[in-house]
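Student: Given next are the chains, with one letter for each unit.
2 protein chains.
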Amino acid sequence: MQNFDFHNPTRLILGKDTIPELGKYIAEYGNKKVLLLYGKGSIMRNGVYDQVVKSLKDNGIEYVEMSGVKPNPVLSKVVETVALMKKEKVDAIVAVGGGSVLDTSKISAASYYYDGNPWDFYERKVVPEKALPIYGVLTISATGSEMNSGGVITNEVEKKKWGWNSKVTFPRLSIVDPSVQKSLPVNQTVNGAVDTLSHVFEAYFGGTTDTLMQDELSEGIIRTTMECVKKLISDPNDYEARANLAWAATLALNGLNGLGRKGDWASHSIEHSVSAYYDIAHGEGLAIVFPAWMTYVHKYDVDKFARFGEKIFGIKEETKEESALKAIEAYKDFLREIGAPVSLKERNITEEKMEEMSKNALLRGPIGTLLQLDSNDVYEILKLAL
Amino acid sequence: MQNFDFHNPTRLILGKDTIPELGKYIAEYGNKKVLLLYGKGSIMRNGVYDQVVKSLKDNGIEYVEMSGVKPNPVLSKVVETVALMKKEKVDAIVAVGGGSVLDTSKISAASYYYDGNPWDFYERKVVPEKALPIYGVLTISATGSEMNSGGVITNEVEKKKWGWNSKVTFPRLSIVDPSVQKSLPVNQTVNGAVDTLSHVFEAYFGGTTDTLMQDELSEGIIRTTMECVKKLISDPNDYEARANLAWAATLALNGLNGLGRKGDWASHSIEHSVSAYYDIAHGEGLAIVFPAWMTYVHKYDVDKFARFGEKIFGIKEETKEESALKAIEAYKDFLREIGAPVSLKERNITEEKMEEMSKNALLRGPIGTLLQLDSNDVYEILKLAL
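Going down the list, the sequences are from chains A and B.
Residue 344 in this note's numbering sits at position 344 of the first sequence, with consecutive numbering throughout.
Residue 350 in this note's numbering sits at position 350 of the second sequence, with consecutive numbering throughout.
Relax, there's no trap hidden among the hints.
Repeated chains share a single entry, so a pair holds when one copy, or any two copies, can fit it.
DSBU-like mimics (lysine-lysine), calculated; alpha carbons at most 35 Å apart, straight line:
#  : residue 1 : residue 2
1  : K262      : K231
2  : K54       : K130
3  : K130      : K89
4  : K130      : K159
5  : K262      : K54
6  : K262      : K125
7  : K86       : K32
8  : K182      : K311
9  : K311      : K332
10 : K24       : K125
11 : K320      : K16
12 : K40       : K159
No wet-lab data here; the hints were simulated from the structure.
Please take these sequences and the hints and turn them into a complete structure.
Tutor: Here is the structure:
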């Protein structure tokens, strides 16, 4: 187990009918004029927009709106958002939506106090010392962005889909009402679950040993996520499954799961490269890339992959190698069962840009800790994913 | 699953050789003169005192000392501590020790800004609005006090051993160096583990249903604690077991484990009553009281006790009732295996004050949620514990 330094100051409110309290909290914290940031019309249809706006009005909070944040959110939208925030002199951001909106809010909140290009943060040219407070209202559980300080933004011009975090961009408070997620299309619930599982895997399979408490936490999140997503496919209105899945998704990436371990984020980098070239959902990309990465690297920590098989699927073969391979197959079977793609061709992605994507995944430097990957390795992993 | 509101602002640093950084952190946060609060000589013998003092001096932090905080810390010591703090005008507390020192620091930090009797907080006559910052250096993992806002203090005059917490008494930062715990006597490591397990049980067995993610978290902490304490009995120098046990103890009571559930703290109240009359260690009292409470109430949530048996001990009998009873026996066997007492008579406690203790446990109002207990129930539980 490695030494760690954990600090997560976000206040998280999870439960039914919690959104109407938003304005009261904002008023208690002393904010008066907020940017209301969101994506498309889904928050109109599921009633979240109305709940948020009513709560702001009831508590005398002024707001200006910025909509149109897309899945795989882009830098140009950040620039537009920051310009509006500066013009309107807001004192906080209310981010209503999923990971894309939350992620956009973080770089925007930091950029409010910075006159250069927001992308400078992502290029690590500058570290923010302060940011506007962020209030999150989550409408889909997946990225964990509601309770962490990170965000993934795509620089469309430079074809860079990168992650970033900072000490000052934790949401001050996030509200998660799992009941609003009952109207999500099934594939979005599934993609969220795959994203959650991938976040757990990235710490779990990083090669650090002697992390029993952390392994137990990871395995608990994995089992909960798998069980709940299956329940939700048969009954999208199952509140208890929604609530447990939502909480599992938050726990997967609020910092806890990664403590004491190195982590291996290579799969996320590879997926980001794929979805910088093809417009596929992040969760789909992860469902495709992860089993291929597992197959390629399992020999470098066969004990852990065998443990994964035993604790998650009850697999116990004669050798650890056999257990590990069977565990990876079991994970693919699970993905198929919930309707997630497990190959690139299921999303019409061919070998055409594979070399380009392999290089792109390494733009920011080397990836992988269990096995450090060069572009040939990434190419081989993408080939396994074909 | 119940709605929840979670906010834990404590920064936790866990790992080897982390104590020498203490003064640097304090300086970064801007504090200049601290109260150095501790218990007896153990921090002299294990080198922690020297590490702390050197780190304070190296970073130009002034300090005044208050020692002599006892296990089962008492109100008179709090009064003495607060008087010194006010006289010396300190701007923070450095609490070095176990739960008793941390717990004393919290009521003291709040009392710094209050002119009445510190016990008023415990009687809920007044709620603190601010408190001095607390920096913790943990020397024994047990109570979780390093990462929560609560504390247990005994009012010796009124024979009340009560718990209390507030929004303003989370430590700002705590350092947990598991390696300093290698010199602990075995029984203290054991008592700490029993305390940790009890904290988990109190949320786990509260009767709230549909809390899968939380059940998984609880079971992970339980298995980790059991495995690590057994390893430490055979090898006190096993760093990885120390580190995982330490982290499990923190997770057991930093708020996470209790989320979404009602919890049932009756056993803690009963134990507090026992140890208000007899000077036994809190962990010993819990080892004695808990199995008796389980036996008395298991019928009110036989499913959960059966699940406990299956997930922790691999027990699967024909009926849930049989599984539940076998699980409680298995827990007692585990306690015996690690050398913890499982009956009052092992600590020379007889029926003599049982009636008095039964009433004392209810002084603060009704206890128990799975089953609300009156003093007759408590009496019966103590009888089962004889």
